[in-house]
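Chemist: In case you want the letters, here they are:
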Amino acid sequence: MTAELHEELTDPHAGEQLDHGAASSRPLKSRISEPQPRGAKIRGNRPVDQSEAANRFMAATEHEAMHDARLWDLRQKRDKEMHGIEEWEELRNLASGIKEHTLSKLDYYLELFEKNATANGIKVHWAKDGAEHNAIVLEILRSKGVELLIKSKSMLTEECGFREFMAKNNVEVIETDLGERIQQLDDEAPSHVVVPAVHKLRTDVASVFAKTIGSDPDNADAHYLTECQREATRPLILSAQAGMTGGNFVVAETGTFVVCTNEGNADLSANTPPLHIASIGIEKLIPGLNELPVFIRLLSRSALGSPITQYTSHFRGPREGGEMHVVLVDNGRSERLGMEKFWPGLKCIRCGACMNTCPVFRRSGGLSYGATYAGPIGLIIDPTFNVHKYRNLPYSSTMNGSCTNVCPVKINIHEQIADWRKTLAGEGEISPVKKVMMKAAGEVLASPVVYRASLPLGRSALRHLPHFMLYNKLNTWGRKRDIPETPKQTFNEWYRRNRKSQSEGEKS
Amino acid sequence: MSGSRDAILGAIRKNHIQGERPRPAVPLFDQAAPADLKALFQKSLERMGGKILIPDATDPMAPVRQAFVKPGPVVSCVPEFEGDMKITPQTKPTDIAPVEYAVLRAAFGVAETGSLCFTEKQLHVNTTGFLPQHLIVLLDPAQIVYNLHNAYQRPEWLQAHYAVFQSGPSATADIEGVLVHGAQGVRSLSVLFQP
Amino acid sequence: MLVEDKGIPMKVGLFVPCYVDMFHPETGIATLELLERFGLSVEYPVDQTCCGQPMTNTGCEREAAKTEELFVRNFGKYDYIVTPSGSCTNQVRNNMTAIEQTEAVKHVRSRTYELVEFLHDVLKVDAFPWAEFPHRVALHNNCNTLRNLRIASMSERREEPFSKPKALLGMVKGIEFADLTRPDECCGFGGTFSVFEEGVSAKMGQDKVTDQLKSGAEYVTSSDSSCMMHQEGCARRMGVNLKYIHIAQILNGARA
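Protein chains in written order, with our numbering: chain A, 1 to 508; chain B, 1001 to 1195; chain C, 2001 to 2256.
Bear in mind the hints are in silico, worked out from the structure with no lab data behind them.
Just so it is clear, CB atoms sit at the ideal spot from N, CA and C, and this is done for glycine as well.
Be careful, since some hints might not be right.
[Said to hold, decoys possible] Per label pair, the in silico range of CB-to-CB distance:
no., chain 1, residue 1, chain 2, residue 2, range
1, A, Glu87, C, Pro2161, 12 to 20 Å
2, B, Gly1019, C, Pro2161, 32 to 40 Å
3, C, Pro2161, B, Asp1006, 34 to 42 Å
4, C, Lys2166, A, Asp482, 23 to 31 Å
5, A, Gln489, B, Glu1020, 57 to 65 Å
6, B, Ala1033, A, Lys80, 15 to 23 Å
7, A, Glu340, C, Lys2106, 39 to 47 Å
[Stated by the list, open to error] Calculated cross-link-like contacts (lysine-lysine; reagent style DSBU-like; alpha-carbon spacing at most 35 Å):
no., chain 1, residue 1, chain 2, residue 2
8, A, Lys80, C, Lys2106
9, C, Lys2164, C, Lys2106
10, A, Lys168, B, Lys1092
11, A, Lys41, A, Lys341
[What the hints assert, rightly or not] Facing chain B, from chain A, some residues (calculated, C-beta under 8 Å):
no., residue
12, Trp88
13, His223
14, Leu238
15, Asn265
16, Asp267
17, Ile282
18, Pro307
19, Ser313
20, Arg316
21, Gly317
22, Gly332
23, Ser334
24, Leu337
25, Phe342
Between the sequences and the hints, there should be enough to build the whole structure, so can you do that?
Modeler: Here it is, written out as structure tokens:
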């Protein structure tokens, strides 16, 4: 397919706009074509092995290097925005406080929103889980004879397995966010909450588009590929009978919901067809319009280092002749609210800043987590959906705490990761290997005599770490790292020889 | 479904987090607002990929006409300028698809972010904001507020069913971080300061 | 100085973490000698083992209890407990919760200091006349030390820049700092992460070493031995000739 190239797309000055909002601040063009590594292997309810998938991602060195550079660049642009806003830390405090306040009166605010939205002509539905959400949406679509649905990006519909459900029920769903569309055409989940195809190189996209929308397989130019997608999607947008969006914020006092995009695809999805359905998690509530700018100011700055998303769209009622539905979805949220240590995860506004800053995420790729939510926020949310399947995820962190400190709503992510490890160990959801090693380590370290005996004696001969440090016979330490030289004597031995008698002498 | 409503609200009441968490007061953070909001708006808009048209004192609409560099239908939602296509109560959202240029007036602008606010009042048909290939926007400099806190004090939020902050043209960087304008919405956005 | 204010010398217990004990006794010796230079009475309880971090870090709190008890028995009698390790300090101060919080436990937890913060905040040291280190040095802050103990400002936050280790190292004659492109990025050690998630851990370590190398540093220093053991292990395998030295040694007057 030959896309009609508008002149803007061949603009020789395009490169000068690298400081612009969402884009990379320097060219990151990949050099070679390399097969795209796929995500974690999903084997029913068996615990996902994130590190196995991460190792495959890192083995694809071009992918890993691009992914790391792209997301680190977003983190740096976020920092630059932060330094431009004097009240940054105050905004974070406010955002956290507003979310906590709303969550403490969530029933009140949900009912207030329902009342105001209904008064403005929005039909409000309630779904306790993903299945009920899907059934509600299908019923609305069937009542209007909808066969083609255009949709903007929503993590909630990913939670609900919405596209798969609709495919089984003969409703064609077209994602309109470029990254999400790439992922849909490649039959792959989004790898990041904001940039769903960030783990792909341009050559990967070229090959997906060549197979699915007929682009030139040898043309991996991002402008060309984006244009091909625009041209291929536009007729679908114009012929769809219904549009679907998520919702970033729900304003209870005005009955408004807000959707933030950079492409304008939520506006297209919502305003072009006569029917607009918005699927929104119940934790998205905020009290009123005074609170909204706190979040709008933080969201895109945290996510992409741009001052605001190109489109920030506010829906307060259907347009003339149109119909608007909001489906409020629980899907585990009300239960999470009661989890003493883990309810703060409900403050999350899905900016992805924790993923961008996470050194593990940047090197692993989002699909390695094998769950709807990847990266630091995923580590603390995913186990609430399925504690057994996601029990390894809280270990995919060095607990360095960078995530907590970029979080615009101040979720104590790294502390919750530690709390999850405790919770998992307490519930017996810990791998046997870890359990056995830690039990042994605990016994050795509790006894000075046993501990001293475990140290590598005759050290230069025994070039291995003592077993309480390695915990296993696999000796994973030495695969890519040298083992430290063992000195002639430990500090303990040195002290006994050089100082012990002296200090005891002083005492007497 | 009312069963689910009650079940969800019931579960929330049972699981509510403990302790008083008062609603924080949000300041306007506008003490450092500069006198020249127009200049700040321009700087912010350009950062978001928008352009400012150079005004013409003798012929105020000349910059708009000069912006039409490509052939194609022009739709106008402003009385100052007559387009090729009339929007009537019968105009459907999809009728806007062939439009190359739409001329709109923004309800107001936000200097902090270079955002333009449109509601159904300015758009006539909501799709005029993003189905055309290009937007040309008239903005009264007197209708520029400093920051987003000021912006949400405006009356439009309680009047309109649909309101959008458009900050520059449609943009994506989903493929290797390469910036492309016009991913789905408009490919370019130009602003003419016009009281 | 507190020693003089009180009129009686402070009794300081020296905690030498397992890694330091085993692989870097010179760091333990430097810490001891450095504290003694300030006239402190320093003791090293010889029956000490560990702070309990490996078990706690893995979530196995119950398995950490006996080790934590032993720690409190060893250190309960001191005015201050000082250790050349930020992550161990963080464990004791913020995570030693497997045991009943008795007065003795609370005392130990509130009185345990990482060496740099002890010198900077408690002793308020303003000179190291004996120290001279004429080398280009890259500073690595352990993540626990940086973000939990707040030993320096962090790049994630909008705050006034400060760095306690840099403030101390700045008093050393001849030292020159090398700037990293990602100074706050975790090096991938992460305690048990380094063995359970070996692949990502090693990759992060290699990236850290590459950044250090590009900075033109001759030495890397840190107040935490475990991170440096990991980084040094990566550097050696990569064939990179960077030298790693604990901050205690530089402050105690090591010349190389």
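Chemist: For each hint, tell me whether it holds in the structure or not.
Modeler: Going through the hints against the structure:
1. A:Glu87 x C:Pro2161: 12 to 20 Å: Holds, since Glu87 of chain A and Pro2161 of chain C (Cβ atoms, about 19 Å apart) stay within the stated range.
2. B:Gly1019 x C:Pro2161: 32 to 40 Å: At 35 Å between Cβs, range holds.
3. C:Pro2161 x B:Asp1006: 34 to 42 Å: For Asp1006 of chain B against Pro2161 of chain C, whose Cβ atoms are near 53 Å apart, the range 34 to 42 Å is violated.
4. C:Lys2166 x A:Asp482: 23 to 31 Å: Holds, since Lys2166 of chain C and Asp482 of chain A (Cβ atoms, about 29 Å apart) stay within the stated range.
5. A:Gln489 x B:Glu1020: 57 to 65 Å: 59 Å, holds
6. B:Ala1033 x A:Lys80: 15 to 23 Å: 21 Å, holds
7. A:Glu340 x C:Lys2106: 39 to 47 Å: 23 Å, violated
8. A:Lys80 x C:Lys2106: Not OK: Lys80 of chain A and Lys2106 of chain C at ~41 Å, beyond 35 Å, violated.
9. C:Lys2164 x C:Lys2106: 25 Å, holds
10. A:Lys168 x B:Lys1092: Roughly 31 Å between the alpha carbons, so the hint for Lys168 of chain A and Lys1092 of chain B holds.
11. A:Lys41 x A:Lys341: Holds: Lys41 of chain A and Lys341 of chain A sit about 30 Å apart, inside 35 Å.
12. Trp88: At about 11 Å, which exceeds the 8 Å cut-off, the nearest Cβ of chain B leaves the hint on Trp88 of chain A violated.
13. His223: Interface hint status for His223 of chain A: holds (5 Å vs cutoff 8 Å).
14. Leu238: It holds, given that the least Cβ distance between Leu238 of chain A and chain B is near 5 Å, below 8 Å.
15. Asn265: 4 Å, holds
16. Asp267: 5 Å, holds
17. Ile282: 7 Å, holds
18. Pro307: 5 Å, holds
19. Ser313: 5 Å, holds
20. Arg316: 5 Å, holds
21. Gly317: 4 Å, holds
22. Gly332: 10 Å, violated
23. Ser334: Where the cut-off is 8 Å and the nearest Cβ of chain B is about 4 Å from Ser334 of chain A, the hint holds.
24. Leu337: Constraint on Leu337 of chain A satisfied, holds at 4 Å.
25. Phe342: With a minimum Cβ separation of about 11 Å from chain B (threshold 8 Å), the hint on Phe342 of chain A is violated.
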